[in-house]
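Engineer: What follows is each chain in one-letter form.
2 protein chains.
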Amino acid sequence: MNLYQDLYQFFKNENHVSQKLNILLDHSKDQSSYHPSHLPEVVVFPENKVDVIKILKYANENKIPVVPFGLGTSVEGQVIPIEGGISMNMTRMNKITELQPDNFLVKVEPGVTRVQLNDSLKEHLLHFPIDPAIDASIGGMVSTNASGTNSVRYGSMKDQVLGMQIILANGEELNVGGQYLKSSSGYNLTNLFVGSEATLGVFTEITLRVYNIPKYKLTALVEFTDLISASNAVVNMKKRDLSIERVELIDERTIEAINRYKSRNFSIAPYLFLELGGNEDIVHHDYELAKEILIEEGCLNIQLATNDLERENLWEIRHEVAFAIKSLNPEKKLMTTDVCVPLTVLPNAIKETRKIMDHSNIECAILGHVGDGNFHAVFSVDPENKSEVGLYKKINEQIVDYALKNGGTCSGEHGIGLGKIEYMYKQHGNSVSYMRQIKSLFDPNNIMNPSKIFKK
Amino acid sequence: MNLYQDLYQFFKNENHVSQKLNILLDHSKDQSSYHPSHLPEVVVFPENKVDVIKILKYANENKIPVVPFGLGTSVEGQVIPIEGGISMNMTRMNKITELQPDNFLVKVEPGVTRVQLNDSLKEHLLHFPIDPAIDASIGGMVSTNASGTNSVRYGSMKDQVLGMQIILANGEELNVGGQYLKSSSGYNLTNLFVGSEATLGVFTEITLRVYNIPKYKLTALVEFTDLISASNAVVNMKKRDLSIERVELIDERTIEAINRYKSRNFSIAPYLFLELGGNEDIVHHDYELAKEILIEEGCLNIQLATNDLERENLWEIRHEVAFAIKSLNPEKKLMTTDVCVPLTVLPNAIKETRKIMDHSNIECAILGHVGDGNFHAVFSVDPENKSEVGLYKKINEQIVDYALKNGGTCSGEHGIGLGKIEYMYKQHGNSVSYMRQIKSLFDPNNIMNPSKIFKK
Numbered sequence: 001m002n003l004y005q006d007l008y009q010f011f012k013n014e015n016h017v018s019q020k021l022n023i024l025l026d027h028s029k030d031q032s033s034y035h036p037s038h039l040p041e042v043v044v045f046p047e048n049k050v051d052v053i054k055i056l057k058y059a060n061e062n063k064i065p066v067v068p069f070g071l072g073t074s075v076e077g078q079v080i081p082i083e084g085g086i087s088m089n090m091t092r093m094n095k096i097t098e099l100q101p102d103n104f105l106v107k108v109e110p111g112v113t114r115v116q117l118n119d120s121l122k123e124h125l126l127h128f129p130i131d132p133a134i135d136a137s138i139g140g141m142v143s144t145n146a147s148g149t150n151s152v153r154y155g156s157m158k159d160q161v162l163g164m165q166i167i168l169a170n171g172e173e174l175n176v177g178g179q180y181l182k183s184s185s186g187y188n189l190t191n192l193f194v195g196s197e198a199t200l201g202v203f204t205e206i207t208l209r210v211y212n213i214p215k216y217k218l219t220a221l222v223e224f225t226d227l228i229s230a231s232n233a234v235v236n237m238k239k240r241d242l243s244i245e246r247v248e249l250i251d252e253r254t255i256e257a258i259n260r261y262k263s264r265n266f267s268i269a270p271y272l273f274l275e276l277g278g279n280e281d282i283v284h285h286d287y288e289l290a291k292e293i294l295i296e297e298g299c300l301n302i303q304l305a306t307n308d309l310e311r312e313n314l315w316e317i318r319h320e321v322a323f324a325i326k327s328l329n330p331e332k333k334l335m336t337t338d339v340c341v342p343l344t345v346l347p348n349a350i351k352e353t354r355k356i357m358d359h360s361n362i363e364c365a366i367l368g369h370v371g372d373g374n375f376h377a378v379f380s381v382d383p384e385n386k387s388e389v390g391l392y393k394k395i396n397e398q399i400v401d402y403a404l405k406n407g408g409t410c411s412g413e414h415g416i417g418l419g420k421i422e423y424m425y426k427q428h429g430n431s432v433s434y435m436r437q438i439k440s441l442f443d444p445n446n447i448m449n450p451s452k453i454f455k456k
Numbered sequence: 001m002n003l004y005q006d007l008y009q010f011f012k013n014e015n016h017v018s019q020k021l022n023i024l025l026d027h028s029k030d031q032s033s034y035h036p037s038h039l040p041e042v043v044v045f046p047e048n049k050v051d052v053i054k055i056l057k058y059a060n061e062n063k064i065p066v067v068p069f070g071l072g073t074s075v076e077g078q079v080i081p082i083e084g085g086i087s088m089n090m091t092r093m094n095k096i097t098e099l100q101p102d103n104f105l106v107k108v109e110p111g112v113t114r115v116q117l118n119d120s121l122k123e124h125l126l127h128f129p130i131d132p133a134i135d136a137s138i139g140g141m142v143s144t145n146a147s148g149t150n151s152v153r154y155g156s157m158k159d160q161v162l163g164m165q166i167i168l169a170n171g172e173e174l175n176v177g178g179q180y181l182k183s184s185s186g187y188n189l190t191n192l193f194v195g196s197e198a199t200l201g202v203f204t205e206i207t208l209r210v211y212n213i214p215k216y217k218l219t220a221l222v223e224f225t226d227l228i229s230a231s232n233a234v235v236n237m238k239k240r241d242l243s244i245e246r247v248e249l250i251d252e253r254t255i256e257a258i259n260r261y262k263s264r265n266f267s268i269a270p271y272l273f274l275e276l277g278g279n280e281d282i283v284h285h286d287y288e289l290a291k292e293i294l295i296e297e298g299c300l301n302i303q304l305a306t307n308d309l310e311r312e313n314l315w316e317i318r319h320e321v322a323f324a325i326k327s328l329n330p331e332k333k334l335m336t337t338d339v340c341v342p343l344t345v346l347p348n349a350i351k352e353t354r355k356i357m358d359h360s361n362i363e364c365a366i367l368g369h370v371g372d373g374n375f376h377a378v379f380s381v382d383p384e385n386k387s388e389v390g391l392y393k394k395i396n397e398q399i400v401d402y403a404l405k406n407g408g409t410c411s412g413e414h415g416i417g418l419g420k421i422e423y424m425y426k427q428h429g430n431s432v433s434y435m436r437q438i439k440s441l442f443d444p445n446n447i448m449n450p451s452k453i454f455k456k
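Read top to bottom, the protein sequences are chains A and B.
Residue 108 in full-length UniProt numbering sits at position 108 of the first sequence, and the numbers go up by one each step.
Residue 328 in full-length UniProt numbering sits at position 328 of the second sequence, and the numbers go up by one each step.
A pair counts as met if it fits within one copy or between any two copies, since identical chains are not told apart.
Straight line, CA to CA, 30 angstroms or less: simulated DSS-like cross-link-like pairs of lysine-lysine: (1) Lys239 x Lys217; (2) Lys455 x Lys439; (3) Lys107 x Lys239; (4) Lys439 x Lys57.
Keep in mind that the hints were calculated from the coordinates and are not lab data.
Produce the entire structure from the sequences given, and follow the hints as far as they go.
Structural biologist: Written as structure tokens, this is what we have:
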């Protein structure tokens, strides 16, 4: 068997199948870059469902691993073809196949990116709000149940996916969900596939909810004395049902790193980045209530963005936090971990994380999607340095353990991939064996993204 | 084997196990009353998780069917013990085990009812919004993925359940989900169990999201010339992101039945029941926008409830629609079918349903949860009259077929139970065999609510 030759026979076109080293290299790693890379044997570029079926049938018969690849933005090693085999590049399946503005839904192929989708939605005054900071393919975002800064308002991918067309390992087509907003017909397979990290099948079409673009936005940078009061302010704003689009927390050491990196002179304190969105009158109304709450909780200063440029500048600070940390050790790789805990646990979880980092003398940014209890710790690591990697693993474990002990999950939005397999077992106990059996139902030969999520 | 004796041995208490005829009869039917009733052999009343484990282990070893029973409010025959065996009455497991107002979550046993839960939440200014009209146990509502008039704002049960403790058929305890608002850790088993109609296991604790009680509500009865413009008005209100708590549609023939039943003199026309909720200023602001839209879409009249009593009176009309139909044939049983379609399909689906009813000379109420494309047709049938039952089945099939052909689902909120098994196969095709295999993973002896959802 020659994998390249066999796949080539399907397409008779070099453009569909590649073993060029630069292309193999592009498909050997993900955004994280600290998970060890691994070359696929071959990269295929399906253009439609029929291509996907052909490739999967062949791979399944010959027990060859298949790893779908979008923009490669996973951070827990999800797209790394750790067992070689086929990397299936989905980026040519990038058509928006149907847009139904009045039904607030859109059908897309998996290679459509969220930026591309939002460009198409704009003229209908609609948007797809899930925003994991960088651009990403919709297929990839479904795979990890991605979310991001907007999830306080819109939820995560599982709340957006109404239906999917999926090709299973044996080439069988499965259609789950549909175009309806709710259903009580049979088991919810749609949400079983969302977040399954490409271990159950290949998505070939995804039906998503879309939303009105908020007509007006108001963004503020709010300085606090301490994490607890910043966090309490968020709980209290949620209790008043304010129209929060995003609310992000960074701690004082993170703002220190920003000051150094961007030559700014923010007071060293925890900050909330708060954005309200909706009808202009309502946003102003809600802002007055928000101000009351923020002041009541002892905020020191509110800096309001009064126009689009100022708003972008504020969010730029939030988005450059990771680079600020990276700049301290430009030769190292950026490492990130993410957990999600109940809202009231968040401030202490962040404090604990800072303590762990301080104990190991590690410069680290802490970013909290504080409206839903999810936060990230971002720091630098040299993947070649074994003792550093060991230390990182210990730190990661401590952060996850704190979350699990306090009602949390080992990953809020990045997923399990290669990086969090042992924590998933810790979190779910005997449930994991049922997950594994479900995997075997849909993929008995274990060709779909093998060695991910589950222990070997 | 003597089932009663064996179960009695576990408890040594007559209060826990019963074969009294009146109790068996109470557990032989559901709310629908047109699905044929069937007696269980015995009714057990577990008081805690340990009881549930004992009963299930015994039942599993002896391959005895088990059907959990809450308030018996299912309408597709879900709680009918069609194969005899054990009816497991969950109403003594009715404790609210934990309330975390600042985390917007609550943990309840499955026998807690939504009314009981809301009574406990009130003092914290919180509520659990899912409202399937009558009172129901939370366990039952999870089983069918219930929703109701508020789902346009809050979604269905699947959007409320954060985690569950489940006892599987073999007595094994499974803990799915947790107390976090989002997670990317492993397969989403939580949403697999929500809507599984007690075919996969017995829920012993459920963690739910709760919400702020809207501070202010404004309710209006809006008269239209036709269904299409009423429906367009709803789409346009959704496009303006108005703070809609509920929006319900009834057609002209339904209001005619109301007029007769309640001796009212509403104009014969389709009506929207619209409720806005939130901060008072915002509700008034949104009402002005709503009025513009309603008038633009040609509404004929808006009758505003100006106080709580008037609001209750308006909703009473909506809730009494079914009784208005029943009053025409008081000796018959009320039959209801429910489908969900894309928003823009709804007016034509309702028209088609009315046409089908007229064709058969059947008086029927049509109630639409028009904000999410879900509607019910309610009419009377004599379950003993075979030709009437045959006609009902034909009508049900026509309504479902129209929904399935137009991107809909065969049930929006009532579930499959005994009544919609064949439509589930029509809707999901080859997916059903995977659902069945999942059922076998969790319940290999098929003791959990057998003969429901799936064909024998």
